[in-house]
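Following the hints, put chain B in place on chain A, whose structure we already have.
Here is how the chains run, residue by residue.
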Amino acid sequence: MEKLTKISAIAAPMLRINIDTDQIIPARFLVRVTNDGLGEGLFAGQRYGRDGKPNPDFILNRAPYDRAEILLADRNFGCGSSREAAPMALRQRGFRAVIAPSFGGIFFNNCFRNGVVPVELPIEAVRQIAAEVEATQGQGKVGVDLEGEAVTTPSGAVFKFRSPPLLREMLLAGADEVDLTLRRGEQIGDFRGKDSAKRPWAYRPGLAN
Amino acid sequence: MTGPRTFFEKVWSDHVIADLGDNTALLQIDRLFLHEMSGSVAMRQLAESGREPAMRELVFTVIDHVIDTAPGRGLDQSRSKAGPEMIRAARAGSRRYGFNFVDVDDPRQGIVHVISPELGVALPGLTLVCGDSHTCTVGGVGALAWGIGSTEGEHVLATQTLPQVRPKAMRVNFEGKPAKGVYPKDMVLALIGKIGANGGIGYAVEFAGSAIREMPVEGRLTICNMAIEFSAKYGFVAPDEITIDYLKGREYAPKGAAWEAAVRYWRSLPSDPGARFEHEVTVDCGGLSPQVTWGTSPQQVVGIDGRVPDPASADDPGTRTLIERAAEYAKLKPGQPIQGVKIDVAYIGSCTNARLSDLRVAANVLKGKRIAGGVQGICVPGSTAVKRAAEAEGLDRVFRDAGFEWHESGCAMCGHMGNDRLADLRVISTTNRNFEGRQGPATRTHLASPATVAASALRGQIADVRGLIG
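Just so you know, the protein sequences line up as chains A and B, in that order. Residue 22 in the working numbering sits at position 22 of the first sequence, and the numbers go up by one each step. Residue 1288 in the working numbering sits at position 288 of the second sequence, and the numbers go up by one each step.
Excised from the complex, chain A in its bound form (with noise of 0.2 Å):
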């Protein structure tokens, strides 16, 4: 998995509520064997008219946001299906943080076994990040701490933010976690043991007895 501790970055403001994951990357682009090449279908429903030419009125189309690394958004950011394409594509595009006030809670997951961190802080935040990064064209860099969980306005105030400590650590470390999760495996077949014998039809589907 590939960790993230820090970063400064150009961010890109897109203060939009509920931007679901059917906009982040549209299903068409789920139809695949492979997991490469999904950066092409970020925001495509916007990115791209409907003659496959570039939208140069979308932001992430302008220069300098697209090299953004950060996107910054309004309530509700991923919400919808739980298509883990939408934060890879997020990441192949070169994003590494995601600043909304609230997130759907399976992108959110999904987030952090990507290279992604989702980062909530309250909307009042993400106005004064956006607002600060347009008023200097976009150039002012955004700084994401994940380890000391701090935000980083291009002026400098600093928002602090929470996120679960499994997953922070997760990311920070770059962590296999089925690695971390089948060291517990003295402690599953305990579970297990006990947990059959009061549940069995739950461990064989159809139990006749």
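Check each hint, because a few of them may be wrong.
As the list claims (entries may be wrong) - Quick partial rundown of chain A residues pointing at chain B, CB under 7 Å, derived from the structure: (1) Ile17; (2) Pro26; (3) Phe29; (4) Val33; (5) Asn76; (6) Ser102; (7) Ile106; (8) Asn110; (9) Arg113; (10) Phe161; (11) Pro164; (12) Pro165; (13) Glu177; (14) Phe191; (15) Pro205; (16) Gly206.
What the hints assert, rightly or not - Label-pair ranges, simulated between beta-carbon atoms: (17) B:Pro1317 with A:Arg162: 22 to 30 Å; (18) A:Ala173 with B:Pro1317: 34 to 42 Å; (19) B:Glu1214 with A:Ser196: 32 to 40 Å; (20) A:Arg50 with B:Arg1108: 37 to 45 Å; (21) B:Ser1313 with A:Arg50: 29 to 37 Å; (22) B:Pro1441 with A:Asp176: 36 to 44 Å.
Since the hints were made in silico from the structure, they are not lab data. We treat Cβ as the ideally placed atom computed from N, Cα and C, and that holds for glycine.
Same frame as chain A, but now just chain B:
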């Protein structure tokens, strides 16, 4: 001794293998359902890791998302370019690993969340996950079920466990007898309109109240299906006698003594009197009218007598922008009545509203009538079993005689997988998402109940079903 507990607390605590601290637990996962889209990704990632499935007997696969629904379809037929390859990968992986596999031509085939309760894969008090956000649907039979990503799916394959942050508990009380023309879809759309598309973030939601207690399982599945549309990952109805009657004798439900033991356990699961919920909402079903969405989020919903809102009425700039953008996409004007908006397509299908009871309601409206000229009517049964049962009742003839297409089962046009058939059209749909581009490029989706979709098909415009039913 613990105090009164909610259904959720009981089920969650029975699955905690390890407390990982900070409100996070390693959970035992009782059932994993895969489909060819996200499931093939999880299987591919597992293979790349060199690991093997931990408990293959608890894993199920079905082909539903990209399989064509045209009558007489082939086993790999798809409207998507890479669809056939994806289907073959899911089939080959499931056979190699020895999962319970439901192929395209299996009479048990259907949309994953429709067949999961039909087959008794989903049971009360089980944890069930699937790489699909609408997995919460099967909370309708009292399972604790939620959608996961494909990497989480790989983790479940390798360990049959999943670390999860524990959500807070919320209860939605649907009270009273639903008014005429008001169905479970209308009830849940009204709820989302009331609390917003983000109203359930961080919550596991129990649906309760007198309207739920009297509701058959299929309606409960519709309501739970839409939990994710207000961003609750988990939605459920605690098991009762209706649930138990529904599940008895289903293929993967326990039998004999195991059934008796399971039923005893299930009866212990409902929330105790006095159990505490961190948030409660009540919806008066008697006061509702049929609901239809106008915009690009399920929260943008009005009663059938309502109007597209004026952005100026919004109390904050974010909401104003949201309304403006949605109205522009939907090609509707502020203040315009929703009733009477011309439609191009009437779509009946999806894990939300394509079970037998849904088809019966729609057929009852359509019976002996023809849909309006220029309107395409499309019906895609939620499962092959639903399709066959409907045909046995003659419902397929009602749909066909009314001018509807009658398809094989699958996810079909609920999401745009590359088939541009609905591009630029206005669709009234029994599905769950009206997002920009969800059903195709520039497709404008209006979510509604099967009854409202059928009534609108007849009129060629968004219509009030109440004048068409007894």
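Against the structure, the hints come out as follows:
1. For Ile17 of chain A, the interface hint holds, since its Cβ comes within 7 Å of a Cβ in chain B; the closest pair sits about 5 Å apart.
2. At about 5 Å, the closest approach between the beta carbon of Pro26 of chain A and any beta carbon in chain B falls short of 7 Å, and the interface hint on this residue holds.
3. Hint on Phe29 of chain A is violated. Least Cβ distance to chain B is approximately 9 Å, over the 7 Å limit.
4. Evaluation of the Val33 of chain A hint against chain B yields a held restraint, the C-beta minimum of about 5 Å falling below 7 Å.
5. For Asn76 of chain A, the interface hint holds, the least distance from its beta-carbon to any beta-carbon of chain B being 4 Å, beneath 7 Å.
6. The criterion of a C-beta within 7 Å of any C-beta in chain B is met by Ser102 of chain A, whose closest approach is roughly 5 Å, and the hint holds.
7. Of the supplied interface hints, the one on Ile106 of chain A holds, with its beta-carbon coming within about 5 Å of a beta-carbon of chain B, less than 7 Å.
8. Interface hint at Asn110 of chain A: satisfied, since its Cβ lies 4 Å from the closest Cβ of chain B, which is below the 7 Å cut-off.
9. Nearest Cβ of chain B to the Cβ of Arg113 of chain A: about 4 Å, under the 7 Å cut. The hint holds.
10. Because the smallest distance between the Cβ of Phe161 of chain A and any Cβ of chain B comes to about 15 Å, over 7 Å, the interface hint for this residue is violated.
11. Satisfaction of the interface hint for Pro164 of chain A is found here, the shortest Cβ-Cβ separation to chain B being roughly 5 Å, below the 7 Å cut-off.
12. With 7 Å as the threshold, the beta carbon of Pro165 of chain A comes within range of chain B, its nearest partner Cβ sitting at about 4 Å, so the hint holds.
13. With a least beta-carbon distance of about 6 Å to chain B, the hint placing Glu177 of chain A at the interface is held under the 7 Å criterion.
14. Using the Cβ-Cβ criterion of 7 Å, the hint placing Phe191 of chain A at the interface with chain B is satisfied: the shortest such distance is roughly 4 Å.
15. With 7 Å as the threshold, the beta carbon of Pro205 of chain A comes within range of chain B, its nearest partner Cβ sitting at about 4 Å, so the hint holds.
16. At a threshold of 7 Å, the smallest CB-CB gap from Gly206 of chain A to chain B is about 5 Å, leaving the interface hint in force.
17. Range check, Pro1317 of chain B to Arg162 of chain A: Cβ separation about 26 Å, and the 22 to 30 Å hint holds.
18. Range check, Ala173 of chain A to Pro1317 of chain B: about 40 Å between beta-carbon atoms, so the 34 to 42 Å window is met.
19. Separation of Glu1214 of chain B from Ser196 of chain A is about 36 Å and conforms to the stated range, judged on CB atoms against 32 to 40 Å.
20. The hint said 37 to 45 Å for the Cβ distance between Arg50 of chain A and Arg1108 of chain B, and at roughly 40 Å that hint holds.
21. Here the CB-CB span from Ser1313 of chain B to Arg50 of chain A is close to 32 Å, well matched to the stated 29 to 37 Å.
22. Here the CB-CB span from Pro1441 of chain B to Asp176 of chain A is close to 39 Å, well matched to the stated 36 to 44 Å.
Hint compliance for this structure: hints 3 and 10 are not met, and every other hint is.
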